[in-house]
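There are 4 protein chains.
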Amino acid sequence: MADPTLYTHAVRVRYAETDAMGVAHHSSCIAWLEEARIEALRSLGHSYAALEASGVLMPVIEINVQYRSSLRFDDVLTLVTQIEVHGPSRLGFQTRIECEGRLAILGHVTVAAVRPDGRPQRIPDALRSALTL
Amino acid sequence: MADPTLYTHAVRVRYAETDAMGVAHHSSCIAWLEEARIEALRSLGHSYAALEASGVLMPVIEINVQYRSSLRFDDVLTLVTQIEVHGPSRLGFQTRIECEGRLAILGHVTVAAVRPDGRPQRIPDALRSALTL
Amino acid sequence: MADPTLYTHAVRVRYAETDAMGVAHHSSCIAWLEEARIEALRSLGHSYAALEASGVLMPVIEINVQYRSSLRFDDVLTLVTQIEVHGPSRLGFQTRIECEGRLAILGHVTVAAVRPDGRPQRIPDALRSALTL
Amino acid sequence: MADPTLYTHAVRVRYAETDAMGVAHHSSCIAWLEEARIEALRSLGHSYAALEASGVLMPVIEINVQYRSSLRFDDVLTLVTQIEVHGPSRLGFQTRIECEGRLAILGHVTVAAVRPDGRPQRIPDALRSALTL
Chain Y
1 MADPTLYTHA
11 VRVRYAETDA
21 MGVAHHSSCI
31 AWLEEARIEA
41 LRSLGHSYAA
51 LEASGVLMPV
61 IEINVQYRSS
71 LRFDDVLTLV
81 TQIEVHGPSR
91 LGFQTRIECE
101 GRLAILGHVT
111 VAAVRPDGRP
121 QRIPDALRSA
131 LTL
Chain S
1001 MADPTLYTHA
1011 VRVRYAETDA
1021 MGVAHHSSCI
1031 AWLEEARIEA
1041 LRSLGHSYAA
1051 LEASGVLMPV
1061 IEINVQYRSS
1071 LRFDDVLTLV
1081 TQIEVHGPSR
1091 LGFQTRIECE
1101 GRLAILGHVT
1111 VAAVRPDGRP
1121 QRIPDALRSA
1131 LTL
Chain R
2001 MADPTLYTHA
2011 VRVRYAETDA
2021 MGVAHHSSCI
2031 AWLEEARIEA
2041 LRSLGHSYAA
2051 LEASGVLMPV
2061 IEINVQYRSS
2071 LRFDDVLTLV
2081 TQIEVHGPSR
2091 LGFQTRIECE
2101 GRLAILGHVT
2111 VAAVRPDGRP
2121 QRIPDALRSA
2131 LTL
Chain V
3001 MADPTLYTHA
3011 VRVRYAETDA
3021 MGVAHHSSCI
3031 AWLEEARIEA
3041 LRSLGHSYAA
3051 LEASGVLMPV
3061 IEINVQYRSS
3071 LRFDDVLTLV
3081 TQIEVHGPSR
3091 LGFQTRIECE
3101 GRLAILGHVT
3111 VAAVRPDGRP
3121 QRIPDALRSA
3131 LTL
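Residue numbers (the numbering used here), protein chains in the order written: chain Y, 1 to 133; chain S, 1001 to 1133; chain R, 2001 to 2133; chain V, 3001 to 3133.
Just chain Y, with the same shape it has in the complex (with noise of 0.2 Å):
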């Protein structure tokens, strides 16, 4: 059976996001990272933008990525995100990055549930249940 923790995305590397050394700047992963999650959250039935609609927001708070390899202009990417759950108010979002089998960025991002005025609010149970069955 699937495991409906983890999701697969492909995205590829667009020419604006290169830079002067030939391969994808270092900060373009940051909305490759951001779109597979996104996209995680859909294949479970949870639309990022209905939660923001019901007053979910989920800044991130934290992000380590790992650049092991380059990429190119016009690489396809194959992006395979693990969630976690990290206590009652925490998600984690554990990305592969691979081009052609290879791995070319590890991605780890941490992102808090708060209301739309900042306060700290606990995961929807709906969504919590989806990660957790």
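It should be emphasised that the hints constitute simulated quantities derived from the structure, not laboratory data.
Among the clues, some could well be false.
Partner residues aside, some chain Y positions facing chain R, computed with beta carbon under 10 Å [as the list claims (entries may be wrong)]:
no.	residue
1	ALA50
2	PHE73
3	ARG128
Think of the CB as a built atom: it goes at the ideal place given N, C-alpha and C, for glycine as much as any other residue.
Got chain Y; can you put chains S, R and V on it based on the hints?
Relative to the frame of chain Y, chains S, R and V by itself:
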């Protein structure tokens, strides 16, 4: 007497703003033009942050950018911006971006004053006065 | 018969592409337009990465963008791009960006074929043929 | 005597760097941290552009960023960067980003000196000396 509608601003090209051609990506100047507009308004005593807080938003409705010569990482740019009043609710910003005396980019940006709900509104009188004296 | 110079591409608005007005920042579409151009060329059998590798660079020399309605995070956009040959060394790309049947952005981008040293060169014959059949 | 390995730099949050939460997007600080590194090296007499021209590239191999409080459009940020030598070919940059005396972001970035072909090389002696005096 200095022309209050003319403002000179400096920007240095960031590494993150370059691309695999080894030059500044053509999208990078959009944020520089925006920064120049905001500083030009500030020089007239109008903080764009304060305008937004007072309910005056100024989304961009049209841009035209001509790229005349390439810019590289670490280049120091001079942006000379001329502000024009275009009717009751629109402003035009014409910006010349130069590097070491050479014309690099010509940017024309039109913004429209709108309310937070998106409906058009007049340019605030104080700002209009600052631009037409 | 399908018009080979017309290409439809889809993009979803990233959270990173939004701004404090709650909509896609006006600079975000520059990368979408670029992605649409690259996919339009690919659909004609011309990889832009391969063009660059063969010594044909196509920097942008002019952009004109009209913003007709706002786009939000997670919106799925349809970009319909028409390619036009503008003389021996230039291509024009006219792109309509629509969201749920509503016109959001009109973008016109002109690129020029240049050698790696920046001197103009002719559009490669194979690409020109693909565009004028 | 001033610590040559400690450098203070200022940045103002651009509108383009905000997101739909109304604050600076978490990816925006990656370019600020890069700008702070480059200005810190310049303060030691080492232009990163000149380093690259001499065949010394310094790609980022790891970043860790902790987000402590939100930043908004137009905020003026103070970035205090400490440079550390990590072995023969790596440098670590620890940056505190503060806004009005409040800690906003802690960023740790590791770069590796490489040749244009990507093979590791030693940090140039002149730069190493400037950092260890």
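Cross-check of the supplied hints:
no. : hint   : in the structure
1   : ALA50  : 9 Å, holds
2   : PHE73  : 6 Å, holds
3   : ARG128 : 22 Å, violated
Of the numbered hints listed earlier, the single one contradicted by the structure is hint 3.
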